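In order, the protein sequence lines correspond to chains Z and A.
Number 559 marks the last residue of the first sequence (the numbering used here); no jumps.
Number 123 marks the last residue of the second sequence (the numbering used here); no jumps.
I should point out that these hints are in silico values taken from the structure, not numbers from a laboratory.
Here the structure is a predicted model, which is why all the values come from computation and not from measurement.
Glycine included, C-beta positions come from ideal geometry on N, C-alpha and C.
Some hints could be false.
[What the hints assert, rightly or not] Partial selection, computed: residues in chain A whose CB lies under 8 Å from chain Z: (1) T54; (2) R102; (3) P116; (4) R119.
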Amino acid sequence: AQSVAQPEDQVNVAEGNPLTVKCTYSVSGNPYLFWYVQYPNRGLQFLLKYITGDNLVKGSYGFEAEFNKSQTSFHLKKPSALVSDSALYFCAVRDWADSWGKLQFGAGTQVVVTP
Amino acid sequence: GAVVSQHPSWVICKSGTSVKIECRSLDFQATTMFWYRQFPKQSLMLMATSNEGSKATYEQGVEKDKFLINHASLTLSTLTVTSAHPEDSSFYICSARDYSGTDTYEQYFGPGTRLTVT
Numbered sequence: 445a446q447s448v449a450q451p452e453d454q455v456n457v458a459e460g461n462p463l464t465v466k467c468t469y470s471v472s473g474n475p476y477l478f479w480y481v482q483y484p485n486r487g488l489q490f491l492l493k494y495i496t497g498d499n500l501v502k503g504s505y506g507f508e509a510e511f512n513k514s515q516t517s518f519h520l521k522k523p524s525a526l527v528s529d530s531a532l533y534f535c536a537v538r539d540w541a542d543s544w545g546k547l548q549f550g551a552g553t554q555v556v557v558t559p
Numbered sequence: 006g007a008v009v010s011q012h013p014s015w016v017i018c019k020s021g022t023s024v025k026i027e028c029r030s031l032d033f034q035a036t037t038m039f040w041y042r043q044f045p046k047q048s049l050m051l052m053a054t055s056n057e058g059s060k061a062t063y064e065q066g067v068e069k070d071k072f073l074i075n076h077a078s079l080t081l082s083t084l085t086v087t088s089a090h091p092e093d094s095s096f097y098i099c100s101a102r103d104y105s106g107t108d109t110y111e112q113y114f115g116p117g118t119r120l121t122v123t
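Extracted from the complex, chain Z is given alone in its bound form:
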C-alpha cells in the first residue's frame, strides 16, 4: 500500500525567506510524486511532478522539489516566499502499477507567509 506523510501541519515563513514543505512517501514500486496547492474554497492546482529523470523538478510559480530515493522524500521548496504563497499544500503519490492512476494524498501543510 502507498502512503504519504507531511510531518508539518503548518509552516510559517517571512516574505522573502526560503520556504520548504516536507513530504515523505512509501510505495511498493517506483513512485510518481506530485505537489498540489489549494486556496480557500477552491480545487487543487498542480505545481509539479516527478515521474523519472532528473531528481530536481521545477514547477509553477517558482516552486521546485527534489526527489530523494534513499530518504524517500520529495520536499517542496521556493527560494523566496511571497505572501500570495499562503495556502494549503498537498503532496501526493501514485503507484506506477496502478492503471487508473489513483493518488494518495498527504494530510496537507498550511503555509503562512507573513509580510
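Fit chain A to the known structure of chain Z by using the hints.
Frame of chain Z; chain A shown alone:
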C-alpha cells in the same frame, strides 16, 4: 488546456432530498474521473473512481447506494448524494485524467462543490 468544471459551486438542500453534482472536462476527454470529499482543513479522501461506460469503483467505507456516480460520456461524470443528511455536508471535488494523448500522469481538478445539508 486541461480544465475541469463543477456545477454547482455550492448548494444548500434540506435533509432527505437528493443533490446532483456535475463534473465536466472542458477541453479533453476523460476516460477516468475521480470523486473526492474534503472536510475543513483536512486532506482529500477518495470516494470513487469513475470510468466512462462502466460502473464506478468505490473506496472501502463509501456507500455506493448513497453516493451514486454516473460517467455517461467522456466529458461528464455526475455524483448524486441521495437522501442527504447533515453529516453529508462537505466539500466535494472531482478530478479527471487526460487520455487523449500521452499520459501526463496528472489529475486535473475541478474547483469543488460546497454541499450544506440543513
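A quick look at each hint next to the structure:
1. T54: 5 Å, holds
2. R102: 5 Å, holds
3. P116: At 4 Å from the nearest chain Z Cβ, A/P116 passes the 8 Å test, so the hint holds.
4. R119: 7 Å, holds
Checked against the numbered hints listed earlier, the structure breaks none of them; every hint is satisfied.
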